[in-house]
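A.B. asks: Please model the entire structure based on the sequences and the hints provided.
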Amino acid sequence: MKRFAWAALVLLLAASFAAAQKLPWQKSERPQDVRYLFPEQVSVPAGKDAVVELHFRINSGMHINSHTPSEKGLIPTSLILPENSGVKLDKVDFPSGSEYSLRAMPSMKLSVYTGDFVVRAHIRAISGQHLVQAALRYQACDVNACYPPRKAPVVVDVIAK
Amino acid sequence: MKRNAVVIVAVIIAVGLMVWAGVLNYRHRQQQEAAVKQLQSMTAQPATPSDGSSDAGADGSSAGFGGFMEHPLQGKMAPNFTLKDTEGRNVSLADYKGKAVIVDFWATWCAPCKIEIPWLEQFNKQYAGQGLQILGVSEDNLNMDNKVELAKEKQDIADKAKDLKINYPVLIDDANVSTPYGGVDGLPTTFFIDRSGKVVASTVGLVSRDEIEANIKKALGSGGQS
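First to last, the protein sequences are chains A and B. The numbering used here puts the first sequence at residues 152 to 312. The numbering used here puts the second sequence at residues 20 to 245.
Take these hints with a grain of salt, some might be off.
What the hints assert, rightly or not - Derived CB-CB ranges, DEER-like: (1) Ile310/A with Lys181/B: 48 to 54 Å; (2) Gln183/A with Asp114/B: 35 to 41 Å; (3) Phe189/A with Gly150/B: 45 to 51 Å; (4) Pro257/A with Gly35/B: 55 to 61 Å; (5) Lys242/A with Glu232/B: 45 to 51 Å; (6) Val243/A with Leu161/B: 23 to 29 Å; (7) Pro257/A with Asp175/B: 26 to 32 Å; (8) Glu222/A with Ile32/B: 53 to 59 Å; (9) Asn210/A with Pro91/B: 21 to 27 Å; (10) Glu168/B with Val306/A: 45 to 51 Å; (11) Thr198/B with Val306/A: 28 to 34 Å; (12) Pro196/A with Gly107/B: 52 to 58 Å; (13) Gly150/B with Arg208/A: 45 to 51 Å; (14) Ser111/B with Ile277/A: 53 to 59 Å.
Claimed, not checked - Example chain B residues on the side facing chain A (calculated, C-beta under 10 Å, incomplete): (15) Thr127; (16) Cys129; (17) Ala130; (18) Cys132; (19) Lys133; (20) Glu135; (21) Leu169; (22) Glu172; (23) Gln174; (24) Asp175; (25) Ala177; (26) Asp182; (27) Asn186; (28) Arg228.
Just so you know, the hints here were simulated from the structure itself, not pulled from any lab data. All residues carry an ideal CB built from backbone N, CA and C; glycine is no exception.
C.D. replies: So this is what it looks like as structure tokens:
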């Protein structure tokens with residue numbers, strides 16, 4: 152019986168090992184096109200309005216739609232804060248986008264972010280320390296192709312005194 | 020004795036699985052490295068335009084990843100699929116046997132797709148008589164767990180297709196049919212399938228109108244029954 156258990160365990164381990172390998176027909180997940188830079192920790196007055204500046208960087212050669220895309224149907228960049236995190240998001244100030252056109256259609260003016268940008272989050276936190284796991288939802292493109300919308304993790308330790 | 024045999028067989032299978040996975044992984048890494056080397060050598064000597072046209076891709080740099088890399092499906096039979104179109108009708112790739120087919124993966128949020136689609140509409144009119152069939156496959160995210168939301172999302176795709184005046188069937192990919200096509204990521208991704216059902220060309224990202232037309236002619240001209 153013990154031997155059967157060992158055999159089953161070895162088989163299970165082998166199957167997990169095989170499943171963990173990247174097989175030729177499996178694609179690796181694309182790396183994030185936007186990275187949250189800082190701050191990792193902020194101190195704000197408890198129960199009062201505070202503004203936190205969140206810094207982001209977009210990979211070179213990529214752009215993302217601004218918060219107010221110029222074309223109908225394009226996905227705007229937005230900040231998502233989980234409920235019941237002890238921190239309430241009242242308002243977000245997004246920077247205005249830069250004008251961008253695809254070479255094939257110069258008349259189509261897109262409103263995008265490139266490089267580094269800062270989002271100002273107006274928050275109100277209850278007293279205490281809160282590890283807020285927010286996310287920046289964005290939809291990125293390069294000069295030729297667009298990629299499905301994604302969420303970049305934004306983790307900030309909010310200390311409200 | 021019998022138990023011993025079972026254990027030995029199990030261990031052999033386990034070791035075999037590990038070796039098999041390792042070999043596949045090694046081969047895959049080698050293929051990726053070769054592809055990167057190929058891409059690097061191509062970007063070091065970019066293709067120069069021959070006609071100076073101002074379309075995307077004309078300068079070589081905007082030809083898209085697909086302009087440089089051969090897709091693994093190249094020369095292979097296009098994976099069949101059956102999806103519902105925006106009118107709710109079943110459409111299967113196999114229905115178009117004997118025709119040259121373009122399978123164009125797009126999404127409503129994809130700006131380059133909005134440039135490519137009007138070209139496809141024109142090609143649809145121009146080459147339909149010669150046996151061209153275009154199928155647009157929407158890769159918009161669908162909320163499969165919420166029926167009300169799902170219906171709204173499907174309607175939204177149908178509305179956007181109408182806004183874009185798409186004159187060929189638009190299918191809604193609610194079955195991940197993009198997976199057998201290599202897990203379509205960058206949009207638009209377009210496959211050109213000949214009359215015998217083989218993939219003769221594919222492009223990832225926006226390429227020039229001329230390149231699309233050349234691929235259409237390639238698809239129409241091969242696979243017999245031209």
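A.B. asks: Each hint: holds or not?
C.D. replies: Evaluated hints:
As the Cβ distance of isoleucine 310/A to lysine 181/B is approximately 52 Å, the hint placing it in 48 to 54 Å holds. Checked against the hint of 35 to 41 Å, the C-beta distance between glutamine 183/A and aspartate 114/B comes to roughly 39 Å, which is consistent with it. One distance hint, 45 to 51 Å for the beta-carbon pair phenylalanine 189/A and glycine 150/B, is violated here, with the actual separation near 58 Å. Between proline 257/A and glycine 35/B the beta carbons are some 58 Å apart, a value that agrees with the proposed interval 55 to 61 Å.
The hinted window of 45 to 51 Å between lysine 242/A and glutamate 232/B holds, with their beta carbons roughly 50 Å apart. Range check, valine 243/A to leucine 161/B: Cβ separation about 27 Å, and the 23 to 29 Å hint holds. Separated by about 28 Å at the C-beta atoms, proline 257/A and aspartate 175/B satisfy the suggested range of 26 to 32 Å. At about 55 Å, the beta-carbon gap between glutamate 222/A and isoleucine 32/B stays in the expected band of 53 to 59 Å.
Look at asparagine 210/A against proline 91/B: about 26 Å separates their beta carbons, and that is inside 21 to 27 Å. Between glutamate 168/B and valine 306/A the CB atoms are about 28 Å apart, so this pair departs from the stated range of 45 to 51 Å. As the Cβ distance of threonine 198/B to valine 306/A is approximately 31 Å, the hint placing it in 28 to 34 Å holds. Between proline 196/A and glycine 107/B the CB atoms are about 56 Å apart, so this pair conforms to the stated range of 52 to 58 Å.
Take glycine 150/B and arginine 208/A: their Cβ atoms lie about 49 Å apart, and the range 45 to 51 Å holds. The hinted window of 53 to 59 Å between serine 111/B and isoleucine 277/A holds, with their beta carbons roughly 57 Å apart. Taking 10 Å as the C-beta cut-off, the interface hint given for threonine 127/B holds, the closest approach to chain A being about 5 Å. Because the closest C-beta pair between cysteine 129/B and chain A is about 4 Å apart, less than 10 Å, the hint holds.
Hint status for alanine 130/B: holds, given a least beta-carbon distance of 6 Å to chain A, under 10 Å. Using the Cβ-Cβ criterion of 10 Å, the hint placing cysteine 132/B at the interface with chain A is satisfied: the shortest such distance is roughly 7 Å. Annotation: interface hint on lysine 133/B holds; nearest CB of chain A at approximately 7 Å, less than 10 Å. For glutamate 135/B, the interface hint holds, the least distance from its beta-carbon to any beta-carbon of chain A being 8 Å, beneath 10 Å.
Hint status for leucine 169/B relative to chain A: violated, with the closest Cβ pair at about 17 Å, above 10 Å. For glutamate 172/B, the suggested interface contact is broken, since its CB lies about 12 Å from the closest CB of chain A, more than 10 Å. The interface hint given for glutamine 174/B is violated, since its Cβ lies 14 Å from the closest Cβ of chain A, which is over the 10 Å cut-off. For aspartate 175/B, the shortest C-beta to C-beta distance to chain A is roughly 9 Å, which falls under 10 Å, so the interface hint holds.
Hint status for alanine 177/B: violated, given a least beta-carbon distance of 13 Å to chain A, over 10 Å. Taking 10 Å as the C-beta contact cut-off toward chain A, the hint placing aspartate 182/B at the interface holds, the least distance being around 8 Å. Interface hint status for asparagine 186/B: violated, as the beta-carbon distance to the closest one in chain A is roughly 19 Å, over 10 Å. For arginine 228/B, the interface hint holds, since its Cβ comes within 10 Å of a Cβ in chain A; the closest pair sits about 8 Å apart.
Taken one by one, the earlier hints fail for this structure at numbers 3, 10, 21, 22, 23, 25 and 27, listed in ascending order.
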